[in-house]
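J.: Add chain B to chain A, keeping to what the hints say.
For the protein sequence lines, the chains are A and B, in the order given. Residues 1 to 116 (the UniProt record's numbering) are what the first sequence spells out, left to right. Residues 1 to 141 (the UniProt record's numbering) are what the second sequence spells out, left to right.
Just so you know, these hints were derived from the structure itself, not from any lab. Using N, Cα and C, we set each Cβ at its ideal position, and we do this for glycine too. Check the hints yourself; a few may be wrong.
Sample of chain B residues lacking proximity to chain A, with all beta carbon distances greater than 12 angstroms (derived) [unchecked claim]:
1. A19
2. E69
3. L75
4. P98
5. L140
To give a feel for the contact side, a few chain B residues facing chain A, derived at Cβ under 8 angstroms [as the list claims (entries may be wrong)]:
6. S3
7. F16
8. G20
9. S23
10. R27
11. I45
12. E49
13. P81
14. F106
15. M110
16. N114
Result set (PhoX-like, lysine-lysine): computed pairs, CA atoms no more than 25 angstroms apart in a straight line [said to hold, decoys possible]:
17. A:K20 - B:K41
18. B:K121 - B:K7
19. A:K23 - B:K28
20. B:K130 - A:K43
21. A:K88 - B:K62
22. B:K28 - B:K62
23. B:K7 - B:K28
24. B:K130 - B:K41
25. B:K41 - A:K43
26. B:K28 - A:K20
27. B:K121 - A:K43
28. A:K88 - B:K41
29. A:K88 - B:K7
30. A:K88 - B:K28
31. B:K116 - B:K62
32. B:K116 - A:K43
33. A:K43 - B:K28
34. B:K7 - B:K130
35. A:K23 - B:K41
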Amino acid sequence: MTVKDFTEQFGYEILTCADKADKTEITGVYICDLLSMAMARVKDGNMWVTVHTNVNIVAVAYLTNAACIVIPENIEVEEITVSKAAEKGIIIIRAPHTSYEICVNYYLKSSELSHG
Amino acid sequence: MSSLIRKEYDIPANDFSRAGEASSNVRKLLTQLGVNPTIIKRTSIAMYEAELNAVIHGNGGKARVEIFEDRIEILVYDEGPGIADIELAMQEGYSTAPDYIREMGFGAGMGLSNIKKNSDKFVIESELNKGTRVYITIYLY
Numbered sequence: 001m002t003v004k005d006f007t008e009q010f011g012y013e014i015l016t017c018a019d020k021a022d023k024t025e026i027t028g029v030y031i032c033d034l035l036s037m038a039m040a041r042v043k044d045g046n047m048w049v050t051v052h053t054n055v056n057i058v059a060v061a062y063l064t065n066a067a068c069i070v071i072p073e074n075i076e077v078e079e080i081t082v083s084k085a086a087e088k089g090i091i092i093i094r095a096p097h098t099s100y101e102i103c104v105n106y107y108l109k110s111s112e113l114s115h116g
Numbered sequence: 001m002s003s004l005i006r007k008e009y010d011i012p013a014n015d016f017s018r019a020g021e022a023s024s025n026v027r028k029l030l031t032q033l034g035v036n037p038t039i040i041k042r043t044s045i046a047m048y049e050a051e052l053n054a055v056i057h058g059n060g061g062k063a064r065v066e067i068f069e070d071r072i073e074i075l076v077y078d079e080g081p082g083i084a085d086i087e088l089a090m091q092e093g094y095s096t097a098p099d100y101i102r103e104m105g106f107g108a109g110m111g112l113s114n115i116k117k118n119s120d121k122f123v124i125e126s127e128l129n130k131g132t133r134v135y136i137t138i139y140l141y
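Extracted from the complex, chain A is given alone in its bound form (with noise of 0.2 angstroms):
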């Protein structure tokens, strides 16, 4: 599944590097606010869901070759952040869920297109 199938079934926004959302593939989720952890955890193609949205999680994203960043619960995302994502090629989307609803479904949406 890539980034523009999952945001388009949910209606989730994409604030930056739209034009990249159907060349970029999901590989599964990661879920955490500890930029360390993060950095120590997210798999090649992961998204990554944070409430952060201070500038230095563009460069979690881009050092550990996530899929996207995923902003739950409508949080604004600060301009600078936006600005260095689009630079760096990092895609960031903006869900009205929680980080419980946003995996929950990927979950859905991945088994569906497993299982057919």
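T.: What follows is chain B alone, placed relative to chain A:
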């Protein structure tokens, strides 16, 4: 044996809009060189943590990255306050980061152990009121 590529980076103090820039540059360089993705990831994690330590605790510093035929050597150094007890600082969960740093998601006390886990060789030297030097070696093969 001299290094094939040598790069120096400035790490600005408390400037979070630029924190992680040096590691990001190194990641880009290693990708261009066609280095194995697992090694790029280990290098990125180790260097990012050392860089952020210099930003948060060391009043900024410098990084020197050397790429040899068989390995990557990284030195991150600062002239900050130094670490009083390295053994304690190495313990997962121990951190002296202030609240405003923790609010950004740092200060989990995992930085040094993340560096150690992802390096093949890791040496840290620190002296109070003089600064800290972190040496990271990662083998390419």
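J.: Compare the structure with each hint and give your call.
T.: Results for each hint:
1. A19: Non-interface label fails for A19 of chain B: nearest chain A Cβ at 6 angstroms, not farther than 12 angstroms.
2. E69: holds (24 angstroms)
3. L75: holds (19 angstroms)
4. P98: holds (15 angstroms)
5. L140: holds (18 angstroms)
6. S3: violated (22 angstroms)
7. F16: holds (6 angstroms)
8. G20: holds (3 angstroms)
9. S23: holds (6 angstroms)
10. R27: holds (6 angstroms)
11. I45: This hint holds: I45 of chain B lies near chain A, its Cβ roughly 5 angstroms from the closest one there, short of 8 angstroms.
12. E49: holds (7 angstroms)
13. P81: violated (21 angstroms)
14. F106: holds (6 angstroms)
15. M110: The hint holds - M110 of chain B has a Cβ within 8 angstroms of chain A, the shortest such distance being about 4 angstroms.
16. N114: Since the shortest Cβ distance to chain A is 5 angstroms, the answer is holds.
17. A:K20 - B:K41: OK: K20 of chain A and K41 of chain B at ~22 angstroms, within 25 angstroms.
18. B:K121 - B:K7: holds (20 angstroms)
19. A:K23 - B:K28: Measuring from Cα to Cα gives roughly 20 angstroms; hence the hint holds.
20. B:K130 - A:K43: violated (37 angstroms)
21. A:K88 - B:K62: holds (22 angstroms)
22. B:K28 - B:K62: holds (18 angstroms)
23. B:K7 - B:K28: Answer holds: K7 of chain B to K28 of chain B is near 13 angstroms, not above 25 angstroms.
24. B:K130 - B:K41: Roughly 31 angstroms separates the two Cα atoms, so the pair is violated.
25. B:K41 - A:K43: Holds - the C-alpha atoms of K43 of chain A and K41 of chain B are around 10 angstroms apart, at most 25 angstroms.
26. B:K28 - A:K20: Holds. K28 of chain B to K20 of chain A sits at ~18 angstroms (cutoff 25 angstroms).
27. B:K121 - A:K43: Holds, at roughly 23 angstroms.
28. A:K88 - B:K41: holds (17 angstroms)
29. A:K88 - B:K7: Holds, because 21 angstroms separates the two Cα atoms, which is no more than 25 angstroms.
30. A:K88 - B:K28: Answer holds: K88 of chain A to K28 of chain B is near 11 angstroms, not above 25 angstroms.
31. B:K116 - B:K62: This hinted pair holds, its Cα atoms lying about 19 angstroms apart.
32. B:K116 - A:K43: Status holds; Cα separation ~19 angstroms.
33. A:K43 - B:K28: holds (18 angstroms)
34. B:K7 - B:K130: This hinted pair holds, its Cα atoms lying about 24 angstroms apart.
35. A:K23 - B:K41: holds (21 angstroms)
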